[in-house]
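*Asks:* Chains as they are written, first to last, in the working numbering: chain A, 1 to 455; chain B, 1 to 287.
Careful: at least some of the hints might be erroneous.
[To be verified] Now the stretches of chain B that chain A is said to cover, found in silico as 3 or more residues with beta-carbon under 8 Å:
#	region
1	95-105
2	151-160
[To be verified] Counterexamples of contact, computed for chain A against chain B with all Cβ distances above 12 Å:
#	residue
3	Q104
4	T144
5	G157
6	G227
7	G241
8	S299
9	S363
10	G369
FYI, nobody ran anything at the bench for these hints, they're computed from the structure. Think of the CB as a built atom: it goes at the ideal place given N, C-alpha and C, for glycine as much as any other residue.
The chain contents come next:
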Amino acid sequence: MPDVAVKPTTGDTTGGSRDGTPPAAFDAIVVGAGPAGAAAALTLARAGKSVALLERGIFPGAKNMYGGVVYGRVLDHLVPNWWQDVPYQRWVSRRATMLMTPTQSLTIDYRSDRWIEAPYNGMTAYRADFDAWLAAKAEEAGATLVCSTTATSLLRGADGRIRGVSTDRPDGDLTARVVIACDGVNSFLAKSAGLYQAFDPSNFTVAVKEVLRLPREVIDERCRLTGDEGLDIEIVGCTAGIPGGGFFYTNRDSVAVGIVVSVIGLAAARVRPEKLLADLKKHPSIAPLVRDGELLEYSAHTIPEGGYDVMPELVGDRLLIAGDAAAMCLAAGIWLEGVNFAIGSGAAAGEAAAEALDQGDASVAALAGYRRRIEANFVLADHRKFRRVPHLIMSERVQRQYPPFVCDIVEKMFTVDNPTPKLGLRRWANDARRTHGVRLRDLLRDGAVGLRSFG
Amino acid sequence: MSGADTATTPQSRPSVGVALKFVPLRVEVNPLTGMVSADDRLAGASPADEAALEYGLRFAEAWGWDLLVASAGDHRCEPMLRAAMAAGANAAIRVVLPTDTAAPVVAAALAEALGDCLVLLCGDYSLDRGTGSVPAYLAAQLGAAQALGLVSVAAVGEGTVEGERRLDGGRRERLRIPAPAVLSVEAGVRLRRAPLPAVLRARSAPLQVLPTPVPYAIDPAAGTRRPYRPRPKALPSPAATMSARDRVLMLTGALSERRTPAAVRTNDPVQAADIVLTFLRERGYIS
Numbered sequence: 001m002p003d004v005a006v007k008p009t010t011g012d013t014t015g016g017s018r019d020g021t022p023p024a025a026f027d028a029i030v031v032g033a034g035p036a037g038a039a040a041a042l043t044l045a046r047a048g049k050s051v052a053l054l055e056r057g058i059f060p061g062a063k064n065m066y067g068g069v070v071y072g073r074v075l076d077h078l079v080p081n082w083w084q085d086v087p088y089q090r091w092v093s094r095r096a097t098m099l100m101t102p103t104q105s106l107t108i109d110y111r112s113d114r115w116i117e118a119p120y121n122g123m124t125a126y127r128a129d130f131d132a133w134l135a136a137k138a139e140e141a142g143a144t145l146v147c148s149t150t151a152t153s154l155l156r157g158a159d160g161r162i163r164g165v166s167t168d169r170p171d172g173d174l175t176a177r178v179v180i181a182c183d184g185v186n187s188f189l190a191k192s193a194g195l196y197q198a199f200d201p202s203n204f205t206v207a208v209k210e211v212l213r214l215p216r217e218v219i220d221e222r223c224r225l226t227g228d229e230g231l232d233i234e235i236v237g238c239t240a241g242i243p244g245g246g247f248f249y250t251n252r253d254s255v256a257v258g259i260v261v262s263v264i265g266l267a268a269a270r271v272r273p274e275k276l277l278a279d280l281k282k283h284p285s286i287a288p289l290v291r292d293g294e295l296l297e298y299s300a301h302t303i304p305e306g307g308y309d310v311m312p313e314l315v316g317d318r319l320l321i322a323g324d325a326a327a328m329c330l331a332a333g334i335w336l337e338g339v340n341f342a343i344g345s346g347a348a349a350g351e352a353a354a355e356a357l358d359q360g361d362a363s364v365a366a367l368a369g370y371r372r373r374i375e376a377n378f379v380l381a382d383h384r385k386f387r388r389v390p391h392l393i394m395s396e397r398v399q400r401q402y403p404p405f406v407c408d409i410v411e412k413m414f415t416v417d418n419p420t421p422k423l424g425l426r427r428w429a430n431d432a433r434r435t436h437g438v439r440l441r442d443l444l445r446d447g448a449v450g451l452r453s454f455g
Numbered sequence: 001m002s003g004a005d006t007a008t009t010p011q012s013r014p015s016v017g018v019a020l021k022f023v024p025l026r027v028e029v030n031p032l033t034g035m036v037s038a039d040d041r042l043a044g045a046s047p048a049d050e051a052a053l054e055y056g057l058r059f060a061e062a063w064g065w066d067l068l069v070a071s072a073g074d075h076r077c078e079p080m081l082r083a084a085m086a087a088g089a090n091a092a093i094r095v096v097l098p099t100d101t102a103a104p105v106v107a108a109a110l111a112e113a114l115g116d117c118l119v120l121l122c123g124d125y126s127l128d129r130g131t132g133s134v135p136a137y138l139a140a141q142l143g144a145a146q147a148l149g150l151v152s153v154a155a156v157g158e159g160t161v162e163g164e165r166r167l168d169g170g171r172r173e174r175l176r177i178p179a180p181a182v183l184s185v186e187a188g189v190r191l192r193r194a195p196l197p198a199v200l201r202a203r204s205a206p207l208q209v210l211p212t213p214v215p216y217a218i219d220p221a222a223g224t225r226r227p228y229r230p231r232p233k234a235l236p237s238p239a240a241t242m243s244a245r246d247r248v249l250m251l252t253g254a255l256s257e258r259r260t261p262a263a264v265r266t267n268d269p270v271q272a273a274d275i276v277l278t279f280l281r282e283r284g285y286i287s
């Protein structure tokens, strides 16, 4: 490796001269400057390690799209008072879950004043801004950010051990004592390291999103918001029976509307995702919110929604994986979270790597502190707790039967068709069950799974 | 990097200079307000400037010369200069100038920074509604030959380049240009990808910062570029006795007969001149 003007490594007992190879250029290489990578680099740099943060986009966040809300409390210990300079769009004051059929919708809508004051709950943010902000924090702490550079493979020494990464630049081999792969949902590094036993497409969904420009006051009026308040709606039953869901959320002067559907289900249904999105935008409950919006961005992204049971090995010899690369996305119906898990896992990976580097050993055993950390905090605890929920949410019953079943019950409750007397909830429920083929034992079993998971 | 952090420009060998301009590569226009906004993260050297840099690197390699890059602007152009150093430039200079400074001032600043270079390259014009006049001003400042709007250039002998330029009718002209010369090139050639070690080195490489040239520093209004306004067309006032409809028709020219624009479609210069003279005579411009 040619000499480079970076902070010297803090010791070189791994991946360095002990086995006859040249010294490593960096203590650690973090691949991918998304939330996971930036958090890992920030943690390592603060621990006094030399760290290269590689990003394939022209700046951190340039390659990202976004379809949700960032829950920032995970930043409390990484960036104290983060809300003072985080590039947010709106603080989410209203969370709503909508059950939908082509002609009906039922919304549970919650609003809280506590969510629009520090330390806040969730915020909508453009990932291009948010990722760049967090990566800048890592740079300020001493990380070396290298953009427009793609890590193409793991670099291995003569002994087969990982020595760094190869990149797509000329003379692009970069050595380090440990590599943290935060290279996103299709993590080629984790796959090439053999950490994924099997790559099953049924564990992935594809999200398609439109960002529509609307004047701020129009958004405020339509969504009943004031100031920096924001609205986030998660939708079930809007994907023509294909396992998945939809979302709508507000930015400052734009709104995002999109769908998330199973890759396998989409292929089987032979439906274009843009058709599903167009249908959602035409739904009477969504159309008034997006009317006259000017299309700013149309994008698509793959999401790892398989949950705890499909996570890969998280630790390899001189290698850790975090964020989407490690399938750390919680898709548990009312909770759709990813960025907070990316930051949590990235920070833990950084801490574990720094600890291993201090010991001069980056073997699987020495890096085991990573798994211990995320087992102990929310990252794996939440995934383990809700491990059954992704299957439940994506099931035929939740996707096809329950939304019209519930909507029909509610419709009958609120329909006054005198002189017919009100039949009562049990009768309405039984009628709706028969109409939509909902079996009582399925209802009870799914209810039990839900109670066990959410309870 | 502050102005105090300066590095000595290599002077031992002759050098090729490349002038780069930091421009927004993507802008958004708000359709309601007409407000134009640009993201600095999506800004940098234009494709034409990158082509100039690539040609500069080729010349420096072919002749064994140094390559200097310079830009006139604020601190935002430093990542662009560092990227040029990563691609192979030996040194980079930033002249402190406000954005939207007029072309003669920019040329004077660049002449100060790159005045010792025997061959200077620029993009043909900048993407932010540039007129392509900086290279011409630069050549005038330096007393160098100028060859502007070149499609391609190639090194021939040391310090001499051969360039190709478009002519009307799809034809090209080939020029042999000896140093000292200022060349501006069209986009086309892609800038080489910088090696990773060079990218890492360029992050902390010294960058020379020159102050704003004195004659312009003391007169901030000098050469300030104003917002674009189309040249007004003077029209005589309609007579007050005319009806409102006729006044509007007169001022707008609506419904009035127009002659199609005349085009000179001959390769014979004498015949072409006759056509132009007849046209001007018919309209009363010449008698």
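*Asks:* Now, for every hint given, state plainly whether the structure supports it.
*Replies:* Each hint tested on the structure:
1. 95-105: n = 0 at 8 Å, threshold three: violated.
2. 151-160: violated (count 0)
3. Q104: 35 Å, holds
4. T144: Given a closest Cβ separation of 7 Å, the condition is violated.
5. G157: Holds, because the least Cβ-Cβ distance between G157/A and chain B comes to about 18 Å, which exceeds 12 Å.
6. G227: Consistent with the label, G227/A stays out of reach of chain B, its closest Cβ about 21 Å off (over 12 Å).
7. G241: Its Cβ never comes within 12 Å of chain B, the nearest being 38 Å, so this holds.
8. S299: Non-interface label on S299/A holds, nearest chain B Cβ at 16 Å vs cutoff 12 Å.
9. S363: 27 Å, holds
10. G369: 29 Å, holds
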